[in-house]
Amino acid sequence: MSFFEGGLFWFTEGVLACLAIIALRTWTQDKGIRMPFWKWPVVCTWVLFLGVSIAYVGTSLGEGERHAAFLGAVCAAVIASVSGVVVWRLLRL
Amino acid sequence: MPERQLRVNRRTLIKAAGATSAVLGLSGLGLSGYRAGKAPDSYTGCEGSQGAAQDFDRKRFAVDTPPYEKVGPTSRADGRTEVIFSRVGVARSAAEKGAKIEDLDEPFKSYYAQHPEDFEFDKQNRELRRKVREDSEENRNRYILAEAWAGAMGAVSPRSIGNDPPEVSDFPRQGSREPFKMKSPAATAKLIKKVSYEFGTVLVGITKLNPDWVYQYPSSRRGFATDEPIEVPKHWKYAIVVGTPMSWDPMYANPTYGTSNDAYSKSRIVAFRLASFIKRLGYAARPHTPGNSYDLMVPPIMVDAGLGEQGRHSVVITPELGCNFRPAVVTTNLPMATDKPIAFGVQEFCKTCKICAEQCPSGAICKGDKEVVRGYRRYRLHSSKCFNFWNSTHGSMGCRVCIAVCPYTRKSNWVHKTALQVTANDPTGLSHKMLTGMQKRFYPGPEPSDYYAATLGGKNASYREPPWWLKTEDFIAL
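Order-wise, the sequence lines are chains A and B. If you count the first sequence from 1, position 86 lands on 379 in my numbering, and the numbers rise without skipping. If you count the second sequence from 1, position 208 lands on 213 in my numbering, and the numbers rise without skipping.
Hints are computed from structural coordinates only; laboratory data are not their basis. Note that this is a predicted model, so its numbers are computed, not measured. Please note: incorrect hints may appear among the correct ones.
Stated by the list, open to error - The calculated lysine to any residue pairs, modelled on SDA-like cross-linking and capped at a C-alpha distance of 20 Å, are:
1. LYS445/B <-> THR352/A
2. LYS476/B <-> GLU356/A
3. LYS445/B <-> TRP381/A
4. LYS416/B <-> GLU356/A
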């Protein structure tokens, strides 16, 4: 079993996610952005979409489906960019 | 005093959090260790024998009646004429002698009189094979490794069951053993499934045998007279269906690089082992195996046994392997608990998908609605057109493009498992259209005509590139 299939991988992912959340919190405090509870699910959903998109591209490449990986990357980039602008505006509220 | 209280509270909080973390962490280690010890993928090198791949939750999709429609009086298939391999030799001989349909013997005369189009197709395949061989040496040599691999996969096979009638060949040798009394049908079914996995199957299901699926006349002798109807033996009460996958990478490189021989061979071995196991318990058992050693039609038996649903291309679609498998059946009188059929959305999906019909180079798969065939509503497959394409391409013989392009035929990873769960649980059918659209755009195939050999107007195309180990040009100095 490779590292990426094992529990240690997901443990590491969890540690990294915690660090990212702490960093996000610090960053928003420095920027003077208020973070009420409803903003956290919005940001998490956007990050989750990004993560799933990147995983899809990786999986498609692993399967040898380069065309699917390319189209997936393009679609994800467009959706992530548009939704990213929306999320940013929501954060600034 | 207030300062001291705050310090104590913080310390208490930290201690409680530490203790909780320790308990959770140790519990997590314990659970993780338990999973590592129990997980099927810990059986290094023997993962397949643990049944781990048959992991779809069938109980949620179990139905009381199989997902096919009986619409009128039924009849059984004539194995002599409705099985392409049984009739094609007659048409070839007729082509060589210049004979017409009226010159043929029965039952072929009647069959071809009713299906004159089939006669024209069936006469062509030897000529098509000759034209393929006229292709350039460079094109022919490209498939040396694929043909060697297919041949090697077919090199090991159990011996045939002989030509004794089922009343003799299916039973343990006379006086060798009385049937052991089994404790319960449920326990027997569990045992049979477990040993089937140990024998090498990936999928297994059990059903009572519906006599409609037994050929009316045999497609090969196997103890039956070819000119007498098969009277379904009384001891064919149950059918155990097993299935093993074809190697995934060559399968995606069909029609030229793939082979059915690997799964044929594995399923044959499983079925013969299973029949031997059952006979040693004193019960009757007969294996029905590829290629063409059957006395019955396998796909509807697979449906009855809850392994999947029959798709537009006539191949059964299973949740785990899609249609990338080759099945075998063992008929027996060993009493067992049976499985229920499942309906996980395939009938609805196939209505709109049609990718197999669009990609089929021979046009054998219908793009229209279901028709009534022998009293059951199903998609009709034009086997003569299909078999002619087998003879129109390089490689190990056969096609399997419909299997490779089917959206259900995907490897086991989170992307395809998620798509499967979405389609299976969507009662609206909206996801079917969306995912079919994605499949067509994200995973396109060549033009259907490109699958033909160059000498027949094609480009020797395959659905996907061959795996590195089947690229002849990288290993053999030509």
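Starting from the hint list further up, note which numbers the structure goes against and sort them upward. Checked against the structure, the only hint that fails is number 3, while the rest are satisfied.
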